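Enquirer: Below are the chains, spelled out letter by letter.
Number of protein chains: 2
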Amino acid sequence: MNGEISLNLATTGQQWGFGEAVDGCLRHGITAISPWRDQIEAIGIEEAANIVRSNGLRVSGVCRGGMFPAETALGRQANIDDNLRAIDQAAALDADCLVLVVGGLPGSSKDLPGARGMVADGIAAMLPHARASGVRIAIEPLHPMYAADRACVNTIDQALDICASLDESVGVAIDVYHVWWDPRLAEAIARAGRMNRIFAHHICDWLVPTTDMLLDRGMMGDGVIDLPAIRAMIETAGYHGPQEVEIFSRDNWWQRPGDEVLDVIKERVATVC
Amino acid sequence: MNGEISLNLATTGQQWGFGEAVDGCLRHGITAISPWRDQIEAIGIEEAANIVRSNGLRVSGVCRGGMFPAETALGRQANIDDNLRAIDQAAALDADCLVLVVGGLPGSSKDLPGARGMVADGIAAMLPHARASGVRIAIEPLHPMYAADRACVNTIDQALDICASLDESVGVAIDVYHVWWDPRLAEAIARAGRMNRIFAHHICDWLVPTTDMLLDRGMMGDGVIDLPAIRAMIETAGYHGPQEVEIFSRDNWWQRPGDEVLDVIKERVATVC
Numbered sequence: 001m002n003g004e005i006s007l008n009l010a011t012t013g014q015q016w017g018f019g020e021a022v023d024g025c026l027r028h029g030i031t032a033i034s035p036w037r038d039q040i041e042a043i044g045i046e047e048a049a050n051i052v053r054s055n056g057l058r059v060s061g062v063c064r065g066g067m068f069p070a071e072t073a074l075g076r077q078a079n080i081d082d083n084l085r086a087i088d089q090a091a092a093l094d095a096d097c098l099v100l101v102v103g104g105l106p107g108s109s110k111d112l113p114g115a116r117g118m119v120a121d122g123i124a125a126m127l128p129h130a131r132a133s134g135v136r137i138a139i140e141p142l143h144p145m146y147a148a149d150r151a152c153v154n155t156i157d158q159a160l161d162i163c164a165s166l167d168e169s170v171g172v173a174i175d176v177y178h179v180w181w182d183p184r185l186a187e188a189i190a191r192a193g194r195m196n197r198i199f200a201h202h203i204c205d206w207l208v209p210t211t212d213m214l215l216d217r218g219m220m221g222d223g224v225i226d227l228p229a230i231r232a233m234i235e236t237a238g239y240h241g242p243q244e245v246e247i248f249s250r251d252n253w254w255q256r257p258g259d260e261v262l263d264v265i266k267e268r269v270a271t272v273c
Numbered sequence: 001m002n003g004e005i006s007l008n009l010a011t012t013g014q015q016w017g018f019g020e021a022v023d024g025c026l027r028h029g030i031t032a033i034s035p036w037r038d039q040i041e042a043i044g045i046e047e048a049a050n051i052v053r054s055n056g057l058r059v060s061g062v063c064r065g066g067m068f069p070a071e072t073a074l075g076r077q078a079n080i081d082d083n084l085r086a087i088d089q090a091a092a093l094d095a096d097c098l099v100l101v102v103g104g105l106p107g108s109s110k111d112l113p114g115a116r117g118m119v120a121d122g123i124a125a126m127l128p129h130a131r132a133s134g135v136r137i138a139i140e141p142l143h144p145m146y147a148a149d150r151a152c153v154n155t156i157d158q159a160l161d162i163c164a165s166l167d168e169s170v171g172v173a174i175d176v177y178h179v180w181w182d183p184r185l186a187e188a189i190a191r192a193g194r195m196n197r198i199f200a201h202h203i204c205d206w207l208v209p210t211t212d213m214l215l216d217r218g219m220m221g222d223g224v225i226d227l228p229a230i231r232a233m234i235e236t237a238g239y240h241g242p243q244e245v246e247i248f249s250r251d252n253w254w255q256r257p258g259d260e261v262l263d264v265i266k267e268r269v270a271t272v273c
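Here the protein sequences come in this chain order: S and R.
Numbering-wise, the first sequence is residues 1 to 273 according to this note's numbering.
Numbering-wise, the second sequence is residues 1 to 273 according to this note's numbering.
Certain hints may be false.
No copy labels: a pair is met if it fits in one copy or bridges any two.
Unchecked claim - Here are the simulated SDA-like pairs of lysine to any residue, each with C-alpha atoms no more than 20 Å apart in a straight line: (1) K110 with D157; (2) K266 with N252; (3) K110 with V52; (4) K110 with R231; (5) K266 with D161; (6) K266 with E46.
Because the hints were derived from the structure by calculation, they are not lab data.
Small disclaimer: the values here were computed from a predicted structure and weren't measured.
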């Protein structure tokens, strides 16, 4: 199994900015990262690209594009325009992909199929610029508990149905936190492999109990997800890239020194992933 | 559309016991209820059955059986035995069905497929007694956010796959809170109709934001679920029974007088469901 780690910079986002996180990764022998756009913009895209290049880093993804639905055509176009800027940032960092959190219900709408249509339309609209820029787009299905307010694409199969209507520059980011419960998980990952659409693999863990729907993700091994089983499905499906560690943990891991967090991540990836 | 209401007695469970809730329902012209086993046991099954019969009430369901997975064969048998007692209670009340919350991962297990196998085995084991007692069994798929600790059956399709291997005394309880996000919702409800397996329809609403994963359900109309659309799917699929109102709401509806809650329920069912 490929034990390569990528650090999603949200994991240490409360402790470290872009440059500090890269320094921390290098101290720990981690040579892949996945930054968020606010972290990139805080230092500027040229400086971010310079740090990536000069250290020979792999950028496993840029977080995030998406958020397509809006109540008006003007709003939807503004969202697409923002995604075009995100493509430029991903291109400047030579990222493996731009990760999409696609957005939920716009305004006071209860029309989930309608929102899903806006997502498919938005991705199609950004695709020409992505292709021209050499940037792959990774739809990240989010857990169904985020369907209303964050992402109305909630299963790998649903994301693949969108992919199937587009070309191979659109794929999926598989985050165990969002998909581990899916009764069709094995079949869906195999299908993604056959379609050659697995662009990223994010890991963390599902805690029992979970005390916050957004900011209580667990460190690998502290929860109930069978991480080795899911990694085996993903590698069997043909993806051998890094496991990207993305942990939103307001009350635990965000309170610890970044170096301690990286120590634990390395130990857990080596033993329980 | 059938505007018949059933009151799931959890909705007023902090204000009213079994008898008080029935009195409240009758004051408001509601003639169907769905009690929980602890509420039945608090007054005894004979008294509960007498209240139901003497008032000509419909019992749209008894909550709940299930909770099959356990780490040992002895534990699993104890869980099956408890389900046999639940069948007797449902039979005594002439309930439309016994609702199953099937249970999650047993102990420290991370084996979700294994837990799902225990659920299928448990349902099969209770079925002869259910058939002999004339009690139908309704598997309630729970929202994926409960996969670890409450129910590892998380979609209507998954529940129907279990049903398909058994006879027509096993069906599904469709609670909008648990299934509204499902990209396959329309297809799954239609499939349930073709299989003649829709035994119950529960309603409430999904609030944005949701502040508690268990006890922050919304009153119909206060959230994002397109209730008329889902009811139309269910009636088209052939189910015309009551809409059972089940709202766990620690900080809002459980704090209000039961009569106020019933007033609002009636108004909302008439206007937004």
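Enquirer: None of the hints should be skipped; say for each whether it holds.
Expert: Structure-based check of all given hints:
1. Taking the shortest Cα distances, K110 and D157 never come within 20 Å of each other, neither inside one copy (22 Å) nor across copies (23 Å).
2. With identical chains, the CA atoms of K266 and N252 are at most 20 Å apart within one copy only, with a shortest distance of 17 Å there and 44 Å across copies.
3. Proximity of K110 and V52 under a CA criterion of 20 Å is satisfied in neither setting, with 42 Å inside one chain copy and 37 Å between copies.
4. In the homo-oligomer, the alpha carbons of K110 and R231 lie at most 20 Å apart only across protomers (14 Å), although the nearest pairing inside one protomer, at 36 Å, exceeds that limit.
5. In the homo-oligomer, the alpha carbons of K266 and D161 never lie at most 20 Å apart, since the shortest distance is 35 Å inside one protomer and 40 Å across protomers.
6. In the homo-oligomer, the alpha carbons of K266 and E46 never lie at most 20 Å apart, since the shortest distance is 30 Å inside one protomer and 61 Å across protomers.
In terms of the numbered hints stated before, the structure departs from hints 1, 3, 5 and 6, listed from lowest to highest.
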